[in-house]
Amino acid sequence: MELELRGITKRFPGVIANEDVNLTVRSGEILGLLGENGAGKSTLMNIMYGLYSATEGDILVDGEVRAFHGPSDAIAAGIGMVHQHFMLVPVMSVAENVVLGVEPLKKKRTPWMFLGLVAATLGLLLTMVFNLFGVEEGIEGGMVVLLAAFAGLAWILHKDALDIAESRSEVEEISAKYGLAVDPDALIEDLPVGLQQRVEIIKVLFREAEIIIFDEPTAVLTPQEVEEFFGIMRSLQADGKGVIFITHKLNEINEVCDRITVLRRGKVVGETTPAESTEQGLAEMMVGRPVDLQVHKADAKPGDVVLEVQHLTVDDDRGHPAVSDVSFSVRAGEIVGVAGIQGNGQTELVEAITGLRPGISGVTILNGEDISQGSPRHVHDAGVAHIPEDRQRMGLVLPFTVTENVVLNTYHLEPFSNGTVMDWSASKAAAERLIEQYDVRTPSAEAPASTLSGGNQQKVIVAREFSRTAPLVVASQPTRGIDVGSIEYIHERIVEQRDNGAAILIVSTELDEIMALSDRILVMYEGRIVAETTPDDTTTTDLGLYMAGATA
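Position 545 of the sequence shown, counting from 1, maps to 1311 under the numbering used here, and the rest follow consecutively.
Incorrect hints may have been included.
Said to hold, decoys possible - In silico EDC-like pairs for lysine to aspartate or glutamate, Cα to Cα no more than 20 Å straight-line: (1) K1015 x E976; (2) K1194 x E1212; (3) K943 x E976; (4) K1015 x E1037; (5) K943 x E966; (6) K1067 x E1100; (7) K943 x E795; (8) K1063 x D1302; (9) K1067 x E1298; (10) K1067 x E1276; (11) K943 x E932; (12) K1063 x D1303; (13) K1194 x D1205; (14) K1015 x E1254; (15) K1015 x E1276; (16) K1063 x E1262; (17) K943 x E974; (18) K1033 x D1058; (19) K1015 x D1278; (20) K1063 x D1278.
No lab work stands behind these hints, which were simulated from the structure alone. Predicted model only: the values in this text are computed from it and were never measured.
Take these sequences, add in the hints, and give me the full structure.
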């Protein structure tokens, strides 16, 4: 199968998201699609999947022009998409999610259909007879309603039912064929992110996709899960599937792709192969300027203790211990990195520190003040800047404008309010200043945050949190899903905050990021700190072993 985009242009009010884009992917190859945040990658894929219609240009499948009016048309043409933000029903099982909308059904071999038809026919005959002989309307209506109800019940009892056994069997078959080990009976809400992604892949394969689009698939995966995902992509390729792999991570592109296409500001600016390119060259092609892939920072000069966590224990949403008797401190002028495979208590630790989750025992002290029982507002006002790991759920109010999100924590303070009425001109001026300073790609300060790309949403959060002087910065997955140019900028701002005297706590599953930014490193495993080290005294291999449960 060959899928071709020819001369695709997509215009939104005030924005050209894609301009005259030509792109081809064939069965049995992996095409890497690179581009900075806001380059138009997701828009282009949404056109390919039928979620958007192109303003100009054509989509061709095996040389034939096709019109996609929705995802169902794309699916029928053999195109599948695994979205960056999963589309799963948490309370349903794996098998139920996979077949949702295309459920295999089984016939119930019962006499209910016959009885239902008899009841419906009898009801019709009685109506005719009653009308003929002038029977009272009340009796007629009651009899007919009773028979109609019986006919409806008979139809419901006869109706085809979901064939759970067949659903499970097909999920198991696909899982085995492509190395997607997942329990078909498990509930989605009980699965880690890596396994949820596998469910999305099984959904696509269940619908017989020949070309599969992966939109930032590794943004939420641990290093171990990334390697497993690459194995899955190679299995798909070996089976003749065509793959479009959207990512910001240059090392990943070079590891698994056959060809590479680079987008910048909606246009194709380069096509190459891993053999013909370098990470540095790809980075510069993406952002249109020289990019420094290294983090430059002077030696830390730690001052007084700013954050002290003492014997902290925190439960997860199900009431199970997620953090167990954790103690550590962060000093002014240093960056402490917390490494660990996702799901080992880092999320609950950060939520407890920032007032989003109560601790079961232990205390959190900020500059000598116990903030353990403080609300998020109290913790913020005490001097904690927080970059949450889930920017869409915890970092932004997506329907709000960029301006409204920038002043989300300070709208009630001067100069944005006099205590009674908000000063929108001051709010907008602050937003426009930060948009320029942090290079946020948005049509205007009044654009809803939901219209921004993931990386630009992250920039809005970083700009908001770094726009004030906070003694403690808690940054969870600060560069997840953003491009190299934005990563470079955010890393520089984090180091700048440290050099200005802030205490920085970073939680990341990116070991290269932990090694590059941290002055000290803590490793969490099953809710406990199992190792404390420094970048000079360890390697990513050692950190990986600690993350798997080895002790220092």
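Which numbered hints turn out to be false for this structure?
1, 10, 18
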